[in-house]
Every structure is written in C-alpha cells, then in structure tokens.
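**Q** Next come the chains, spelled out residue by residue.
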Amino acid sequence: MEEVSRFLISGFINSSERYTNNIALEVEGIKLSYGQLREKAESIASVLRLHEEGDGTGLSAIFAYRSVTAFAGVLGILIHGHGYVPLNPAFPIERNALMLQSSGCSIVIVDGEAVNKLDRLLAVLEKRLILIIPDLEDTSALEARWTQHRFLNANHIKKGSFCYRKPSYTQNSIAYLLFTSGSTGTPKGVAVAQRNVISYLDFVVPRYCITENDRCSQTFDMTFDLSAHDMFVTWEKGACLCCLSQKDLIKPAGFITNSKLTTWFSVPSTAIFMKKLGILKPGMYPDLRLSLFCGEALPMEIAKQWAQSAPNSIIENIYGPTELTIACMAYRWDPEKTPSECEQGLVPIGKPFDHMEAILVDENLHEVPLGEPGELLMSGEQVSLGYWNDPEKTAAAFVIPPGKAKIYYRTGDRVRFSDIGKTLVYLGRMDNQLKILGHRVELGEIEAVVRKESRIDGVVAIGWPIIPGGAGGVEIFLESEGVDISVIKNRVASILPHYMVPRKYHLLNKFPLNSNGKYDRKALAKLLET
Amino acid sequence: MASISQVEVKDFLVDYLLKIAQEKSIEIKTIDDDFDMFAVGLIDSLGMLEVITALEDKFSVELDMASLDAELLTVVGPLSSYVASYVNKQNQEAKNTY
Chain G
0 MEEVSRFLIS GFINSSERYT NNIALEVEGI KLSYGQLREK AESIASVLRL
50 HEEGDGTGLS AIFAYRSVTA FAGVLGILIH GHGYVPLNPA FPIERNALML
100 QSSGCSIVIV DGEAVNKLDR LLAVLEKRLI LIIPDLEDTS ALEARWTQHR
150 FLNANHIKKG SFCYRKPSYT QNSIAYLLFT SGSTGTPKGV AVAQRNVISY
200 LDFVVPRYCI TENDRCSQTF DMTFDLSAHD MFVTWEKGAC LCCLSQKDLI
250 KPAGFITNSK LTTWFSVPST AIFMKKLGIL KPGMYPDLRL SLFCGEALPM
300 EIAKQWAQSA PNSIIENIYG PTELTIACMA YRWDPEKTPS ECEQGLVPIG
350 KPFDHMEAIL VDENLHEVPL GEPGELLMSG EQVSLGYWND PEKTAAAFVI
400 PPGKAKIYYR TGDRVRFSDI GKTLVYLGRM DNQLKILGHR VELGEIEAVV
450 RKESRIDGVV AIGWPIIPGG AGGVEIFLES EGVDISVIKN RVASILPHYM
500 VPRKYHLLNK FPLNSNGKYD RKALAKLLET
Chain D
0 MASISQVEVK DFLVDYLLKI AQEKSIEIKT IDDDFDMFAV GLIDSLGMLE
50 VITALEDKFS VELDMASLDA ELLTVVGPLS SYVASYVNKQ NQEAKNTY
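Which chain is which? The protein sequence lines are G and D, in order.
The first sequence lines up with residues 0 to 529 when you count with numbering that gives the first Met the number 0.
The second sequence lines up with residues 0 to 97 when you count with numbering that gives the first Met the number 0.
FYI, nobody ran anything at the bench for these hints, they're computed from the structure.
Check the hints yourself; a few may be wrong.
Quick partial rundown of chain D residues pointing at chain G, CB under 7 Å, derived from the structure [as the list claims (entries may be wrong)]:
| id | residue |
| --- | --- |
| 1 | Ser44 |
| 2 | Gly46 |
| 3 | Ala65 |
| 4 | Leu71 |
A virtual CB, placed ideally from N, CA and C, is assigned to each residue, including glycine.
Isolated chain G (complex conformation) (with noise of 0.2 Å):
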C-alpha cells in the first residue's frame, strides 16, 4: 500500500519522524536538525497553500542561492503539492526571466541574497507575481515599488500552523522543471514527473547503502539536476547533506576532511582542479566511502588519482540526461580491470540500470550490429514526461523507433559496447552540444544569441580549449571587417549564463567553407590551435 502512494517529499518527511534530532543540513554555517527544516518547509508550504491563486501549472519557483531559504523552498513546495522550479540569481536576469516566463508559473520564493536582484528580474516581467520572502520582516519597501505583485514576508509566515498531510498530486505530476541549453536560443525546460524520480531513488539509494550516518556532499546548483540527487538521496535516509560555498568548491579539501564527508558526488573538472592544485595527494580523503563522478566525461587518469586520494572510497561514473532524469547508467571503478576497459582515456559509461533499457541505433533509428557506434536511445521508469509545452521538440526527441513498442529517448551522444566487459564507452556528440564544466551547451544557443545582438550573420562558435570530453569554454568567430566587439560582448554576457559566455571573439573578412559550402567549422577550430 505504502508504495503506491509514495513521492519524492516521502523520504524526507518518514526520515523526519525517524530521526527528527538529527542534522539534515549544513550550510553557510548553519546546522538545521530534521524536525527544524522540516518545520521551516511546513510554513512555506502554509503560505502557499493559504495564498495560491491558482495558475493551473502546480508549479511554484525558487530564486535563492544555495541558501536554509532554498533547500526549505523545494521542501514546503513538494508538501504544498507543487513541482518546483529553480532559477538561479547567479545566471542573467534575462534568463531567469525567460525561465519564469515559460514555466508559467506566478509563485516565487526569494532567499534574502537573492533580494538584492529582485528589481532588476521584476522590472523584466509583466506577469503579475506571488513573492513570498522567508528571510525578510518588512517588504513595504518592495510592495511600494512594485504595486501590481504580492509580497508576502517573515510576518505572513507563522510556526506550526501546518500539518503535513499527503500532496494531492499523482505519480505523473511534475516533481521538477529544469532548463537545459536549446539550440534555437532559447532554454528548454524538462518535466520530470514524480514517478521518474522515485524509480530513480529505488535504485540508487540501496546501491550506494545511504545510511543515517552518511555526511554527503552538495556540489550541484539547484538549476542542475544532479542536486535533486544531492538533497533527496540524502533525505530519504535520514543522512545530512552538507552544501559546500562556491569557494569552498575551488580548493574542497578542507571542507571535505573538516565536515568529514563520506559520500562525495561532483563533476569529474572539480577532480581535474582538485589534481592542479595538488590536493588529490595518496590518503588525503580516508573518510570517504563513495564517491561519484556524473556530468561531464571522466578522464582515466583522474579517476585513477581520485582512487589513491580516496582509498577507502568506491568511485562510480554515473551518466545520464536530465530528460531520463539525473542518471540512468553506472560504472564502478575497478583499479584491475577498468584501465583496459578505457577508450581515449576517458573511463566507461557502463551499463544501464536495472530498470532501464538501452539500444544503439543508427540515423534511421535502426538499431546498429553490436560493437558498432551509434546513436544512445534510452527507455524505461526514468523517461521524463518531455519539454514543457513544447510538443514539437518533445515529439523529435521522444521516439518510438521502428520495431519497438516503447518510448524512447533520444540522448545525441555516440556510444559503443566496448569489446571486453560489454560496457558503453562514451564516444562523443551527434550534434554541436558539448559540455562545459558539466553543463550542457548548445553551441546553436550561443550562435544565435550572438547574432542577433551583434546583426551579423557570419557567427560560429567552437568548443575551446578542447578537455577530454568536453571544453572549457567557448569562443566565437564574426565573419565582420570591423565592429565593435565591446559592445556585443556585453550584451552577450548580460544574456548568457556564465559557463555559456564566450571567453574571446575573433573577427574575419571571410570564413572558409567545407565542400558543401557550410562553414568549415573544423577550419575555424585549427585556426584557434595557432
């Protein structure tokens, strides 16, 4: 009975009756027990619930740092019933807009840094808005600038008027809408439903044997999906979730040996900068038991390292998009076998989960003989509900290939079953998406916001410098004379978030051109090697 009725909010309310005293949350030097955060969550939840207006989306928005205000925000919105919805003060306004405005939702809990921005976002927005803002006793500020939205403050919210009882939502309702690079230059946001996160859960909590006593990390940003992996794989347990700062995130070997983690999970470039600045030394972390590696591609070498770093440590490669929900393929770290298993020095993407089914196909969606590359389809629980009302990008890449029954996703990356152990190996993209510090980018979305704020056609961007698996940034090529480059760069920046932003710009007369008469990207990329 239990399990039909189960959510994603279940874990955390059952390990806040199991363990009410204990710390579910550390951050910026706060300790909040279970029964604190718990209570924090309910009276959001009750503001919620007294004050909706009823958009029709079940959705309400999150506008905070990494912040109490944030992790209780995701909490009182799943018990008030809602899916929620990240935006991130530390992107554009003009994204954040983008993202509230197609979510279409009207509620939006602000932490109290994220007040600092909240004029500049309103300012944007037509739509008439619920604010609540936990942090603040008095909005008469705001409420007497921004006359047309509703501002509710620490005086609306009261303690304990709340009880939980069971969301009305189902398992296919949202649990949360998250914004990945589209390449026509605007985001497209993913609905994941409730019952793709939990068959996520099912799997993957008793995989990695989540105790009370875990300290786990949070690395992820909430606007990326691998923090919903933080927060809930945490909670359902009853361990304690410990958020590192973005300075800690530069040099995390005090904050790992000091908060005395035991599960770490981060992008594989946190690794690679934990090797430069030499604190991947042999025994440095002896207190972790797991750690996990998701994102981007794993290079053999850091994996290798993080393994003497951590000797105690199990290391895992988890893949996955965010439309088949977190991660839906692991592969365990095996200092004996793994090294021959590794293709261009990148470690395996490994096998899918128990739940979820993979095929290789080839551009006609025919599944390609075995041990030949193709194109990753994936099927299963975790096949998100698609691209919030966006039927025609939801329709391209949610298949039903020839010969089979089932959706299946179409992810872009090219794999392989490599000959020894029947493991994928990660090979590349089919299309001009790469990752940039674990974020995916469509270069398309870079182009094209280039050229609209620059009014020149001739726009390429290119991956660069080139990292096993990915880039470190991106820099644009503007078929010009001569233009002033200041001026777009700005507006460009203003645009993109951070990880998006080309780094330099290169003006030329005249692009070369492939033999169909494209532009030769390739040839664009040499001349950066120079």
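Given the coordinates of chain G, work out where chain D should sit on it, guided by the hints.
**A** This is chain D only, laid out in the frame that chain G set:
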C-alpha cells in the same frame, strides 16, 4: 636563477587581473593585498586554474597549492607571497641537487 620577490609576483598578478577585469567589463579601482579575486567575480574555479597556469608559465615552475589555505588562495597578497616562496624553494632545491 635569482630569487623572486613577493612584489614581482604581485605585479604580474595585478596586470593579469586588470586584463581579465577589462575583458569581463568589471570595474576595479585598485588591487591591494587584501583583494579577493573570487569575491568580486573576476574568477571562478576554471579562472583560478588559469591564474595558476599563467603564474607557472611566467615563473617557469610547476606549482603545488596544497598548503595554501582555501580562504587565502584567491587573495592577491597571500597568493603572491606563497608563490614567491614556493618558487624560491624550488630553485634552491634544484641548485642543491647539482
């Protein structure tokens, strides 16, 4: 090789950071010893690596930042002192092995 001073490292670092500030259109008046390049948004973690790579190229050394406190890593004064003494120590050791 002659030993280098903290001021030498700092001067190089300041020039480097001013260039980045210009590229990113971030207005900076002065860069003193307490200047935290992370706090003002000049660098992120990838930017920090680039700073280190630039320092390594400039002073022909492979840096190990393990014993510099995370809080001080992005602060101009402590970073340049650390790099200067590290470079000098490396050079001294290289000399001693002859």
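**Q** Are any of the numbered hints broken by this structure? If so, which, sorted upward?
**A** 2 and 4
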